[in-house]
Every structure is written in C-alpha cells, then in structure tokens.
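Protein sequence lines, in the order shown, are assigned to chains A and B.
Per this note's numbering, the first sequence starts with residue 5, numbered consecutively.
Per this note's numbering, the second sequence starts with residue 98, numbered consecutively.
Any given hint could be a false lead.
[What the hints assert, rightly or not] Subject to a maximum C-alpha distance of 30 Å in a straight line, what follows is the list of computed DSS-like cross-link-like pairs (lysine-lysine): (1) A:K59 / B:K219; (2) A:K186 / A:K130; (3) A:K130 / B:K219; (4) B:K185 / B:K340; (5) B:K250 / B:K113; (6) B:K340 / B:K113.
Bear in mind the hints are in silico, worked out from the structure with no lab data behind them.
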Amino acid sequence: MILEIENLEAGYGRLRILQGVRLEVGAESVGLFGPNGAGKTTLINTILGINRPWKGSVRFDGREIGGLPTHEIARAGIALVPQERELFPGMSVADNLKLGAAYIPHAASIADRQLEMVLELFPILKERYAQLAGTMSGGQQRMVAIGRALMANPRLLILDEPSLGLQPSIVAEVFDRLAELKKSVSILVTEQNVRESLRAIDRGYVLENGAVAIEDSAEGLRTNPHVVKSYLGI
Amino acid sequence: MAAKQNGNKGKHMALKRRTAILAALAAAATVLILLWKPTVINNGLQQAGLYAAIAIPMGLVLGIVHIVNLAHGEFMMVAAYATYFACKALGMDPLFAVLPAAAVTALLGWVVFRLTIQRALKAPELNQLILTFGIAIALTQVVNILFTSQTYKIPLEYVSASIDIGENTFPVWSYVFVATAILYAVGLRLFLTRTTAGKAAVAVGQNPRGAAIVGIDVNRSYGLVFALALALVGAMGALFLTKSAIFPQVGSPYTMKSFCLVAMAGIGNIPGILGASVLLGLSEQLLRAFRETRAWADIVFFVLIIAVILGRSVSWRRKK
Ligand SMILES: Nc1ncnc2c1ncn2[C@@H]1O[C@H](COP(=O)(O)OP(=O)(O)OP(=O)(O)O)[C@@H](O)[C@H]1O
Ligand SMILES: [Mg+2]
C-alpha cells in the first residue's frame, strides 16, 4: 500500500470533521465520494499537511508523514490538484507548470519530458503558454492545475474535484488519461460526478459525516442500493 | 470565480497604468524644471536615486512576504554604523565595505526574521506593524546606548566631485545612488523572472499554499527574500556613509519615505518605485531651491502620500 490512513481525526478550531477515517490506496485508482461537506477536502488537505492531523496516522510508502510540513510531503512524491486550484495567478502558464517540477527531487531532471506530455494532454496550454494563469478561464485554470501536478511525476496523485468547471468532453479525456496513468501512478480522486468517475477507478470510498460509510470495488459501488439512490440518481 | 480572474487582470492593468502615469509625470516635471533650474534636476535625480535604492528592497519584502518593515531604514543605519567602525579600525574606504556590509546585514536580517517576524506572519497586520516598529525602536536605542547620539562622518574627497557647465557647478558623486537603484531594479527583475529561486519567491508571494503544494519551503523563501532585501539595504548603508553623517535616528526618515514610495507605486511594482522616487526627489529639491519654501521640503512626501490615498479612494469609489 502506498498510502495507509488509520483512525485519522482532524478539523477546524474545536470542530472535529474527520471522525477516525481508515483508507488505503495501493497501485490502483481510488475514488472518494460523499455529499457536500462530508469532509473529502478536509481529508485530502490533512494528507498533504495543509491541515494538521489531530490523531491517527498517515503513512506514505511505509513512512509516517502525519505532521510533516506540506512541502516535504510534496517532495516525498504526493501531488495535489486542489479543489481551489491554488495557481500562481500573476505568473505565466509556462512558469506555473515548470514550478510543478522544480522543487521535486525526482521530477526536476525529467521536467522537459513531463512538460511535453502535459502540453500534449492539454493543447490549449501550449497555445496559451505565455498567458498569465490568472487570466485563463476557470476550466483552463483547472487544466493548468492538473498539468502542474503531473509535472511533479508523482507516485500518488490526488485530485480534488478535477472535473469541476471542465466541459464533459475534456473530463472524459482527463479520465481516459487517468486510466492510462494509473499503471504508473496511484490515484485518489474525489468527484461529484460519480457515474463518470466509476469508469476510471478500481475501488471507492463513500465518506459521510467524516467517516467511511461504504468501501467497495467500482462494480460493487455501481450496484450498491445506497450509492444508486444517493449518488447515481435515476 | 470569473470575478476573481477579472480582478487579477484588472489589478495587473492598474499597476501598469500607474507605472505609466508616474513615469509620465516624472518625465514631464523633469523637462520643465530642466529648462528653468538645472541644478534642481541634478540634485533631484541624485536624491531620487538614494530614495529608490532604499525603497526598492522594502517593496520587495512587501510584495513577497507581505510585511511592511518599519525597521527598514533602521537596518540601513545599523549597516552604516558597522561600516563606519570597520572603516575606522582598518583605515578602509567605505566603498570597500559595500559587500561585507550587505553580508552582515543579510545575516542580521535572517536572524531577526527567524526569531521574530516569521512568528507574526499569520498575525493581524496591526501586530506585524507593531512588531517591526518595535524592532526599529530597539535598533535605534541600542545604537544610541552604544555610540551616543553623536554624529559620525568619514570625510572623503571624491564625494565633492563636480562638473562645471556654463556658470553652473554640478556635483555628481550621488549618481552612484542612481546607478545602484537601477542596478537593484534590473537585478531584481532578472532574479525574479529568470531564476528558479526567484520564481519560487514570486510564487510564494502570490499563493503560499500553492507554493507549498509544489514543494517550495515557504518559510525559507520568506527568510531568503527578507535577507536579500536587507543585503541590498545594507550595501546602501555603506554607500550612504560616503556622503552623509550618521546618527541613531538617521534611518527613520528613510523608512517613512520608502513606505511612501512603495505605496505610491503599488504593491509588487518595482519600476513604479523608480518613477515615484524621481517625483519625490524633484519636488523636494524644487522646494529647497527657494528660501521661502525650503522648510517645506521635508514634508512633501507627506503631501504625496495623501494625494495618492485620495486619488485611490476616488478611483475606488468610481469603480463601485
Ligand atoms: N477552513 C474551515 N474552517 C472551518 N470549517 C471548515 C473549513 N473548511 C471546511 N470546513 C467545514 O468542514 C466540513 C467539511 O468540509 P470539506 O470541504 O472537507 O467538505 P467536502 O466533502 O470537500 O465538500 P464539497 O463536496 O462541497 O467539496 C464542512 O462542514 C465545512 O463547513
Ligand atoms: Mg471538497
């Protein structure tokens, strides 16, 4: 298992959001679903050290990373596409992408190759190479954020609502590319669009009120009555 | 989200526009006064160079670390004192102390940053202002206790170098400040746009969380930028000593004026600081040229900053 989370608790101020989460990601693609406010972003931000874990453990590649500063976790090999994108708005698309690799030891040396791959995945970024990221449209900024994370040549790629603001054809393409990627990189992805993302994942968790309510294979989730009723809609 | 994007774009355009306006005003004023009182131009430009070379590092810190360092001029004062005593002990010219002064001040800045300012980065702005103001007072008082309020000066011949044109004599030494200011502006631009460490610093300034996510050590970047700014202001301390007498409070007007210039230029706008400095230097020297207005020269920066604040609140209201 590349990522092992046990009994994780975290929150804001005195408000506990994560109520003892257990979650694992291996050499596979894992979905994280749940209603708005369930704690998906909180969980992801806690893995990255953006939020401090209160209790429990987060192990990456066998090493405890709970409590480490974010930049060290990133350098260890976890790349994040944040829900809020978190780009550098006054810098060019090119610089945003390049900074994705510059400070990651195992990415800096192959940055040129990764860059080629990202520009091939998102041709629009090649066209807008010199444009300031902050002046791109919302969907284009999402592509920059995904591209920036790919630049880090991560061992674990975490995507928080990657399809938010992207047109369906691009979403399909991103998911196809993720399916290709998952052979070389482990993926943890949250999605509102459960139906679309079930195609691209191997397993999934449903998070409700800060705890794992369901854990199953993609096939199992597709046929789970609760999932069908609450997330797939008829 | 759309509003945020437009906001970014708008901010960028506004900064460009402000730089253009400042440059145009500065250029127009220069030409007018040049025809009428050439010595005012000569003195004003040199004064502008001094102001800009001190204000640019303050702008760097504000633009990236988002801290107004109210001890900025005081650090220059400390660098000037260190230079003075080193030069006295070694019989050395202050010009040779420029690089050592930069190194010593950078080190001092790094320590002060790690021990104090870094802990206040997430605190409310008022607390940060109080902290750096406290550092300013502490630096001034320590120097006062160690060396008294006596003034120190190193007499240097080359400082009175001048050129005669027609019936006017133009002192030229202080153009060294103009050269320094231009060097700082160009050098910082290259550093921030061409080097990885510089780009990382800009990224940290624009979005610390985004920077941490891509593996940049945010606190280290802040510390490096702060130390770099202090290196630049430390070098200015040694240069300042060639020209001026020093005493414990000598740095404080430069803190105020730097703040005024940075505010006029707008956050993160280093070329704008050059234009604003020319405006300030020329206005001061113009007032100094007449006996009736001479006393007003030292508060002209105050008038400028009020004008900027008024101008901004007008354009802000118009936007609403
Ligand atoms: N910075 C914060 N301070 C206080 N409470 C917060 C903060 N961020 C999130 N919360 C609360 O934590 C809970 C979980 O939020 P979180 O963003 O993790 O949910 P989510 O599952 O990602 O939802 P969504 O699907 O809307 O993105 C919510 O009740 C939210 O109000
Ligand atoms: Mg979320």
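Comparing the hints with the structure gives:
no. : hint            : result
1   : A:K59 / B:K219  : holds (24 Å)
2   : A:K186 / A:K130 : holds (24 Å)
3   : A:K130 / B:K219 : violated (37 Å)
4   : B:K185 / B:K340 : holds (16 Å)
5   : B:K250 / B:K113 : violated (41 Å)
6   : B:K340 / B:K113 : violated (34 Å)
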